[in-house]
Amino acid sequence: MDTERFEPFKPGLFELTDGPDRAPRLIGVRCQSCGRYAFPARDICIFCHSGQVERTPLSSVGVLHTFTVCGLPVPRMLPPYAMGYVDLPEGVRVFAQLEDWREAELEVGMQVELCVGPIKTGEGDAKIVSYKFRPKR
Amino acid sequence: MREVAIIGVGMIPFGKFPDRSFEELGAPAVRQAVEDAGIGWDRIEVAYCGNVIRGHCPGQRVLKEVGLTGIEVVNVENACSSGSTALRGVWSLIAAGVYDVGLALGVEQMSTQITGAIPLDQDDLETGQGLIMPALYAMRARRHMEMYGTTREQMALVSVKNHDHSVHNPRAQYHKTFTMEQVLGSAVICDPLTLYQCCPTGDGAAAAVLCAREIADRFRDKPVTIAASVLLSGATNVEPRDLTASDLGDRAAKRAYEMAGLGPEDLDVAEVHDAFTIGEILHYETLGLCPPGEGGRLIEEGHTRIGGRIPVNPSGGLLSKGHPLGATGVAQIAEIVWQLRGQAGPRQVEGARVGLTHCMGGGIGGVDGAACSIHILRR
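Respectively, the protein sequence lines represent chains B and U.
If you count the first sequence from 1, position 103 lands on 103 in the numbering used here, and the numbers rise without skipping.
For any residue, its number in the numbering used here is found by taking its place in the second sequence, counting from 1, and adding 1000.
Hints may contain errors.
To give an idea of the interface, some chain B residues facing chain U are shown, with a C-beta separation under 10 Å as derived from the structure [what the hints assert, rightly or not]:
1. LYS10
2. PRO40
3. PHE47
4. LEU72
5. LEU78
6. TYR81
7. TYR85
8. VAL108
9. GLN111
10. ILE119
11. LYS132
No wet-lab data here; the hints were simulated from the structure.
Cβ atoms here follow ideal geometry from the backbone N, Cα and C, with glycine treated the same way.
Put together the whole structure using the sequences plus the hints.
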């Protein structure tokens, strides 16, 4: 990852863990009042409006609820690109582009795991990087 | 709250007009509506303008071209529901007794700036990571196919029907018919949606003159009245929700039927938000035209074609009439007014007395829709 310029999409959405593989994890919040999880992390619970929320990592494996492949040119995106909604065990649904996919193998209900990869182009020749999901093999 | 009538409507043919200025699109629509109303220009006390991409004061820019100046003017943006939002704004002020007469205008000049998918906010969590409107609807389509067995052919039929309808609409952007094979064989945009299953970009304008019901008889015999006006926003959808349904659409529909004191079975005709074919099928279910999951069957059995039980999009819909963003909501109103007055010519729904317009707009991450607006009209 050191021959091209990479920039994160937005700060505070995910972190890399300390282990040798530096696995990513999403940073969500859990409300201490109503117990619900949400992503991305905000300082207020969007369900019960309590300010008693704590940041917490979310599970990195989920279920692909639905997906599509986009073939047409979209400004700054890198077609063809696949994207989907992933349901995590905490009751959170996350939108993300997919990584390492083959159209024929994408299926509603498949297990997917969190990873990091380029999602679009940025200033100059920079690639913008964000969390993505790939088929769990 | 007073009853409000629509006494005049106007609409220019939709299409791609890169050489026409923004004002040149809007002014004729306003003139048509005011002339159709047969009301003096000086009677109009307020105007709302729905527009998405123009920027500063689109309403005033158009209205000065027809000499309608000095009045209260409000410019509103609610994505694809901007025009409906404008109509609701005028409705609410007349219903509340603030004014007696007002104008709602919807106008968009987008062909010079947008080709292909509408670019959405690059900082938004979902659209900034590649979600575009056809992709969102494609993903909902996949869920509908998964849950209910809806087929690609059923979705394509929406495009076939709406293109067939627009043959009889001189104001539609397109008049060409397609076979199901041609629809399915057109370029894949976001699977399963193909090119002819997505509405075009285009330019256009539509306008409506509203007044208090109690003075409407001076201008129109048996005026069309507004039985319901609803505008709601989407709820945050971080928790998993059913993508084949729309919480926003369901709430808006329920409120509209309650306001009008009637149910989906009372509708004679509807103009709904068919930006994508699957959208029309989803909206059948949201509006209660059929039970959840049966939208594919409803179109397949011909019930929503002109001549069927509940004709939907006799104008050709967004798919074939076109979708200049700000203009659409008011154009839907114009079509229903023409239908209820018996002025729709070869696309007339026989005996139409009650009609509904439905708009669903906005691509923002985390909500199932930014703005849904429903109006029920009666004559």
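Hint by hint, here is what the structure shows:
Nearest Cβ of chain U to the Cβ of B/LYS10: about 7 Å, under the 10 Å cut. The hint holds. Annotation: interface hint on B/PRO40 holds; nearest CB of chain U at approximately 6 Å, less than 10 Å. For B/PHE47, the shortest C-beta to C-beta distance to chain U is roughly 8 Å, which falls under 10 Å, so the interface hint holds. The criterion of a C-beta within 10 Å of any C-beta in chain U is met by B/LEU72, whose closest approach is roughly 6 Å, and the hint holds.
Given hint, B/LEU78 at the interface with chain U, holds; its Cβ is 9 Å from that chain's nearest Cβ, closer than 10 Å. Evaluation of the B/TYR81 hint against chain U yields a held restraint, the C-beta minimum of about 6 Å falling below 10 Å. For B/TYR85, the interface hint holds, since its Cβ comes within 10 Å of a Cβ in chain U; the closest pair sits about 7 Å apart. The beta carbon of B/VAL108 comes within 5 Å of a beta carbon in chain U, closer than 10 Å, and the hint placing it at the interface holds.
Hint status for B/GLN111 relative to chain U: violated, with the closest Cβ pair at about 16 Å, above 10 Å. Using the Cβ-Cβ criterion of 10 Å, the hint placing B/ILE119 at the interface with chain U is satisfied: the shortest such distance is roughly 5 Å. Hint on B/LYS132 holds. Least Cβ distance to chain U is approximately 9 Å, under the 10 Å limit.
Of the numbered hints listed earlier, the single one contradicted by the structure is hint 9.
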